[in-house]
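Asks: Order-wise, the sequence lines are chains A and B. Here the first sequence stands for residues 1 to 269, numbered as in the numbering used here. Here the second sequence stands for residues 270 to 440, numbered as in the numbering used here.
Note that these hints are calculated values from the structure, not bench results. Backbone N, C-alpha and C define an ideal beta-carbon position, used for all residues, glycine too. Mixed in with the good hints, there may be bad ones.
To give a feel for the contact side, a few chain A residues facing chain B, derived at Cβ under 7 Å [what the hints assert, rightly or not]:
id: 1; residue: Ala-13
id: 2; residue: Ser-16
id: 3; residue: Leu-17
id: 4; residue: Gln-21
id: 5; residue: Leu-27
id: 6; residue: Ile-28
id: 7; residue: Asn-31
id: 8; residue: Ile-47
id: 9; residue: Phe-49
id: 10; residue: Ser-54
id: 11; residue: Asp-112
id: 12; residue: Phe-113
id: 13; residue: Arg-114
id: 14; residue: Leu-117
Have a look at the derived ranges for each label pair, beta carbon to beta carbon [stated by the list, open to error]:
id: 15; chain 1: A; residue 1: Ser-203; chain 2: B; residue 2: Phe-281; range: 47 to 53 Å
id: 16; chain 1: A; residue 1: Phe-26; chain 2: B; residue 2: Tyr-367; range: 34 to 40 Å
id: 17; chain 1: B; residue 1: Tyr-367; chain 2: A; residue 2: Ser-235; range: 56 to 62 Å
id: 18; chain 1: A; residue 1: Ala-71; chain 2: B; residue 2: Tyr-273; range: 51 to 57 Å
id: 19; chain 1: B; residue 1: Ile-275; chain 2: A; residue 2: Ala-71; range: 48 to 54 Å
id: 20; chain 1: A; residue 1: Thr-176; chain 2: B; residue 2: Leu-408; range: 53 to 59 Å
id: 21; chain 1: A; residue 1: His-150; chain 2: B; residue 2: Leu-286; range: 15 to 21 Å
id: 22; chain 1: A; residue 1: Ile-57; chain 2: B; residue 2: Thr-274; range: 27 to 33 Å
id: 23; chain 1: B; residue 1: Leu-413; chain 2: A; residue 2: Ser-210; range: 33 to 39 Å
id: 24; chain 1: A; residue 1: Ile-174; chain 2: B; residue 2: Leu-286; range: 42 to 48 Å
Just a sample of chain B residues kept apart from chain A, beta carbon distances all over 10 Å, derived [unchecked claim]:
id: 25; residue: Ser-345
id: 26; residue: Trp-360
id: 27; residue: Trp-382
The lines below spell out each chain.
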Amino acid sequence: MKSLFLFLFKFRAFISLILLQSLCAFLIIQNSLYHRALFFNSSNTAIGFISSISANITNYFKLIEINESLAIDNARLKNSLNNFVNTPDSLKYDSARRFYYVKATIVNNSVDFRNNLITIDVGSENGVRKDMGVLGGGGILGKTRYVGKHYTIVTSILHTESMVPAQIKGKVNICTVQWNGTNPFEVDLLYVPRHYKLEIGDSILTSGYSGIFPENLPIGTISSIELANDAPFYSIKVKLVNDLYKIAFIEVAKNIELPEIDTLINQIQ
Amino acid sequence: MNRYTIFKIISFFIYVLAQALIFNKVVLFGTAYSFIYIGFLLTLPLELAVIPGMLIGLILGLGIDSFSNTFGLHASASVLLMYFRPILISWLTPQGGYPAGTSPRPSKIGFGWFTTFAIPLIFSHQMVIFFVEYGSFDLFGITLLKVIASTIYSFVLIVVIQYIFISRTRR
Chain A
1 MKSLFLFLFK FRAFISLILL QSLCAFLIIQ NSLYHRALFF NSSNTAIGFI
51 SSISANITNY FKLIEINESL AIDNARLKNS LNNFVNTPDS LKYDSARRFY
101 YVKATIVNNS VDFRNNLITI DVGSENGVRK DMGVLGGGGI LGKTRYVGKH
151 YTIVTSILHT ESMVPAQIKG KVNICTVQWN GTNPFEVDLL YVPRHYKLEI
201 GDSILTSGYS GIFPENLPIG TISSIELAND APFYSIKVKL VNDLYKIAFI
251 EVAKNIELPE IDTLINQIQ
Chain B
270 MNRYTIFKII SFFIYVLAQA LIFNKVVLFG TAYSFIYIGF LLTLPLELAV
320 IPGMLIGLIL GLGIDSFSNT FGLHASASVL LMYFRPILIS WLTPQGGYPA
370 GTSPRPSKIG FGWFTTFAIP LIFSHQMVIF FVEYGSFDLF GITLLKVIAS
420 TIYSFVLIVV IQYIFISRTR R
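Generate coordinates for the entire structure from the input sequences, incorporating the hints supplied.
Replies: Quick look at the structure:
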């Protein structure tokens, strides 16, 4: 017994290193596997508050870019409103009506890591729930992940785990957008079978199949197409319409039918 | 609680806020990241024992993690850094040793000494940060480039901060 204690005492530094590292590993794995976070993140009110002060200051220096992106967004909305007013089609089921939007501001944003998260200043008090779509800068931004009372953490589209169901306008109805972790202006378009004829510049829109994002929102345009001889699918790069470095004001899309869809899916399972 | 301890506690919070609100956003060419909070860990007194050192590293790391939403990543890297630190100090300390309470700061202990001391520690810290964050060894080249670029960038900033902001009269 004495020699055991002597052994433990001799290697106390190494043993406590192992213990502390296991604690850290537990925190990291808890977050990445179960999408559950403990106390240490910015949906915490105090930390969110400090970050929002900093965001207020930095947003002041980005005002020109913010105004510009809002103007672009406005123009796009006016154009689509025009289509809507001129050709009212009561037979067409318009998925956009299922969504309500909550306005929010980005408090903390990273784009340079492989798995980027965004903190925004709305939370459960504003009606935000887990797995809601987040839009900004005329494109899509991500999906809510941890919802705090006043702040929410969003899985950015620049996160290797985030997958968005998409379509190529007028050509392919089912494909998926995913980031490969290198260039923050480009995402990959997956699962486009080789028999389609594609061109550089084709626009990529949301398909609305997940029920998270409204249908027909712009994601980006095709910037490069490659087709290996024996590959079943194209490898396509898509340039994002929005620049994630510059976005400050965003919307959270709230699907009012999602609870019903979820109950249906749960009944099947 | 002497003056030095109070000074260190205040600078702890300043380091966390500066890292979270300013230096997390200062990334050069999407490759070089600045982790200046390592400077706090490096300049703790030389005779600090390994276990209290690792606990300080854990707390500081969790503070940084809270702001950057990395959940234990910085804590893990800082604990490892604080484990290696006394080992490196024992290699670098000359026969006679240093007077009690000496901080390894470039202006105090020599720039060459500080470089040999800081570069391997910062490098080990960045290795953990980037390879754990990537979760795999694919894109090994890009990740290693980020590690090396960030090591140099962080080191330069840490040295500059030591010379500019922390007065020479302190130990």
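Asks: Now, for every hint given, state plainly whether the structure supports it.
Replies: Outcome of the hint check:
Below 7 Å, beta-carbon pairs count as interface contacts, and Ala-13 (chain A) has one with chain B at about 4 Å; its hint therefore holds. A distance limit of 7 Å between C-beta atoms decides the matter here; for Ser-16 (chain A) the minimum to chain B is near 5 Å, and the interface restraint holds. Hint on Leu-17 (chain A) holds. Least Cβ distance to chain B is approximately 5 Å, under the 7 Å limit. Contact between Gln-21 (chain A) and chain B, as hinted, is supported at the beta carbon level, the nearest pair being about 6 Å apart and thus within 7 Å.
Interface hint at Leu-27 (chain A): satisfied, since its Cβ lies 3 Å from the closest Cβ of chain B, which is below the 7 Å cut-off. Taking 7 Å as the C-beta contact cut-off toward chain B, the hint placing Ile-28 (chain A) at the interface holds, the least distance being around 5 Å. Hint on Asn-31 (chain A) holds. Least Cβ distance to chain B is approximately 4 Å, under the 7 Å limit. The closest approach between the C-beta of Ile-47 (chain A) and any C-beta of chain B is roughly 5 Å, which is under the 7 Å cut-off, so the hint is satisfied.
The interface hint given for Phe-49 (chain A) is violated, since its Cβ lies 12 Å from the closest Cβ of chain B, which is over the 7 Å cut-off. For Ser-54 (chain A), the shortest C-beta to C-beta distance to chain B is roughly 4 Å, which falls under 7 Å, so the interface hint holds. Because the smallest distance between the Cβ of Asp-112 (chain A) and any Cβ of chain B comes to about 5 Å, under 7 Å, the interface hint for this residue holds. The beta carbon of Phe-113 (chain A) is positioned within 7 Å of a beta carbon in chain B (closest approach about 6 Å), and the interface hint is therefore held.
With its C-beta approaching chain B no nearer than about 5 Å, Arg-114 (chain A) sits inside the 7 Å limit, and its interface hint holds. This hint holds: Leu-117 (chain A) has a C-beta 4 Å from the nearest C-beta of chain B, less than the 7 Å allowed. In this structure, Ser-203 (chain A) and Phe-281 (chain B) meet the distance hint of 47 to 53 Å, their C-beta atoms being roughly 50 Å apart. Here the CB-CB span from Phe-26 (chain A) to Tyr-367 (chain B) is close to 37 Å, well matched to the stated 34 to 40 Å.
Tyr-367 (chain B) and Ser-235 (chain A) have their C-beta atoms about 58 Å apart, which keeps the hinted 56 to 62 Å range intact. At about 55 Å, the beta-carbon gap between Ala-71 (chain A) and Tyr-273 (chain B) stays in the expected band of 51 to 57 Å. Checked against the given bound of 48 to 54 Å, the beta carbons of Ile-275 (chain B) and Ala-71 (chain A), roughly 51 Å apart, stay inside it. Separation of Thr-176 (chain A) from Leu-408 (chain B) is about 21 Å and departs from the stated range, judged on CB atoms against 53 to 59 Å.
Distance hint check: the CB atoms of His-150 (chain A) and Leu-286 (chain B) are about 20 Å apart, consistent with the given range 15 to 21 Å. Judged by the Cβ atoms, the range 27 to 33 Å given for Ile-57 (chain A) and Thr-274 (chain B) holds: they are separated by roughly 32 Å. Here the CB-CB span from Leu-413 (chain B) to Ser-210 (chain A) is close to 36 Å, well matched to the stated 33 to 39 Å. Remark: the range hint 42 to 48 Å for Ile-174 (chain A) to Leu-286 (chain B) is upheld by a beta-carbon distance near 47 Å.
Consistency note on Ser-345 (chain B): stated as away from chain A, yet its beta-carbon is not over 10 Å from all of that chain's, at 4 Å minimum. For Trp-360 (chain B), the requirement that its beta carbon stay farther than 10 Å from each beta carbon of chain A is met, with the minimum near 16 Å. For Trp-382 (chain B), the condition that its CB be more than 10 Å from all CB atoms of chain A holds, with the nearest at approximately 23 Å.
Hints 9, 20, 25 from the list above are not met by this structure, while the remaining hints are.
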